[in-house]
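Q: Below are the chains, spelled out letter by letter.
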Amino acid sequence: MNSLWSVTLATLVKDIRLEWRSKDALNSMLFFSLLVVVIFSFSFDPLAEESRHIVGGLVWVGFLFASVTALNQTWARELRNQVLDAYRVSPAPANALFLAKALGNFIFVSVLEAVMTPLFVIFYNVRVLGPAWQLLPVAILGTWALVVNGTFFAAMSLRTRSREIMLPLLLFPISIPAVIAMVAGTTSILTGEESAHFYLVLLLTYDVVFTTACLALFGMILHAE
Amino acid sequence: MTEAAKPAISLSNVVKQFGRFAALRGVTAEFDAGRFHAILGENGAGKTTLLRALAGLTQPTQGIISIFGKSPREACRDIGYMAHPSLLYDEMSGIENLRYFARLYGITDDMNSEEVIREVIQNVGLDPELTRPVGQYSQGMRQRMSLARAILHDPKVLLLDEPFSNVDAHSAQAIVALLRGMRDAGKTVFVITHQAPLLEGVADEFVWMQAGQIVDRTVSLARTAGAEDVQ
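Going line by line, the protein sequences match chains A and B. Just so you know, this note's numbering puts 209 at position 209 of the first sequence, and the rest follows in order with no gaps. Just so you know, this note's numbering puts 208 at position 208 of the second sequence, and the rest follows in order with no gaps.
Don't read these hints as lab results, they were simulated from the structure. Quick reminder that beta carbons are idealized off the backbone N, C-alpha and C, glycines included. There may be inaccurate statements among the hints.
What the hints assert, rightly or not - Think about it this way: if two alpha-carbon atoms lie no more than 20 Å apart in a straight line, the pair counts; the simulated EDC-like pairs of lysine to aspartate or glutamate are:
no.: 1; chain 1: B; residue 1: 156; chain 2: B; residue 2: 96
no.: 2; chain 1: A; residue 1: 23; chain 2: B; residue 2: 90
no.: 3; chain 1: A; residue 1: 23; chain 2: B; residue 2: 96
Unchecked claim - Output of the computed footprint for chain A on chain B, the stretches with three or more beta carbons under 8 Å from beta carbons of chain A:
no.: 4; region: 80-92
no.: 5; region: 103-109
What the hints assert, rightly or not - For each label pair, taking beta carbons as the anchor points, the in silico distance ranges come out as:
no.: 6; chain 1: B; residue 1: 122; chain 2: A; residue 2: 9; range: 39 to 47 Å
no.: 7; chain 1: A; residue 1: 213; chain 2: B; residue 2: 21; range: 29 to 37 Å
no.: 8; chain 1: A; residue 1: 169; chain 2: B; residue 2: 77; range: 52 to 60 Å
no.: 9; chain 1: B; residue 1: 44; chain 2: A; residue 2: 177; range: 43 to 51 Å
no.: 10; chain 1: B; residue 1: 18; chain 2: A; residue 2: 197; range: 48 to 56 Å
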């Protein structure tokens, strides 16, 4: 257990250091999201009331598409110079690598959300009518739902020839329940029309189920040829 | 019987199939502990596949591999593996790379990890104070740092794939001297190379591979009469 957390922390620190030096994932995610905000704001000119109904969907779809670039980058780094083989021949637990990658992606996508959310608020003139604090658990649980499956499927598509196309094909269908919960939960908080409690429970359940499944199966993925 | 006299590695009828292509075709062999084995053969002879199977990176389609009585995955603490690519992060310096890999092997601060890492870097003839990223190293420096990563956890068995490729003669001799020292210290060393003359007088055994099989084992570079024709 000690070794699990020690290796997880070492791998997470290493990934953050590599991202800090290259900024590959963050730059591409930020640029992509900025384009989404600008293009959507030119495409629609909603009233404040309409904004509250559609902005939840726009935000999460934007983040979902943007996060795919970070998820691909995470593993691409391990393929250069076949560094992943150095991990595979070591006695380090497979799950430590998975947890570190998922936590790293969670941090990168959270940074993206922190930067982009104020822009969404400004461009769409959004005012929250429900309990605004509930947006935080929706964001945390929703982001984890995206990155935990994304990290797993990105690892799974590592050895496929067209892995950048494979990842969205695998990730998007399985993310549908989580995306519905994120969008509906955000919309219900923004409009204040209904409680987001059900969607929070749904997201929490989704996260627990898929985190457990990914942890149980990752060793097989890592050591597959 | 001392450990140095026991077979370190045994392979029993090991087959590795990639689709319809057999990279290893029923390899059966024993290799003694504490000896230097040079693996020779043409491209496509199965040398790298054999080394990857010994390192636990590829599972044999058939047959058994045993390293000190354990499977390669179970024996991973005893194995140091150096591949043709560097297995290092180009964006980090050598010492940053080794600090990370030290953690994977459970070499922590309580075990004077910093001292261990610096010593290993010095042993391969590099400067631990070098701060530039590995991506800016010369090919020879990268090979040495890759070797440092492989020996960092003081493994009993070293599996090295082409450690002398793209390395100048002086650096190659330095690596040979280091490997000889490790063999003399009781390590079992496997080296795949196309520069066999570098190991003449150093390697205890030359293992010749051809078409996925071991076709000859000699103590010098001179082949056993008739062995060249074995298929």
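Q: Does each hint hold? Answer for all of them.
A: Verification of the supplied hints:
1. B:156 / B:96: Cα-Cα ~24 Å, so violated.
2. A:23 / B:90: Given that 20 Å is the threshold and the Cα spacing comes to 15 Å, the pair holds.
3. A:23 / B:96: Holds, at roughly 18 Å.
4. 80-92: holds (count 10)
5. 103-109: holds (count 5)
6. B:122 / A:9: 39 to 47 Å: Roughly 27 Å apart at Cβ, these two residues miss the hinted range, so it is violated.
7. A:213 / B:21: 29 to 37 Å: Holds: the Cβ-Cβ distance is about 35 Å, inside 29 to 37 Å.
8. A:169 / B:77: 52 to 60 Å: Distance hint for residue 169 of chain A, residue 77 of chain B is violated at roughly 39 Å.
9. B:44 / A:177: 43 to 51 Å: Holds, at about 49 Å.
10. B:18 / A:197: 48 to 56 Å: 53 Å, holds
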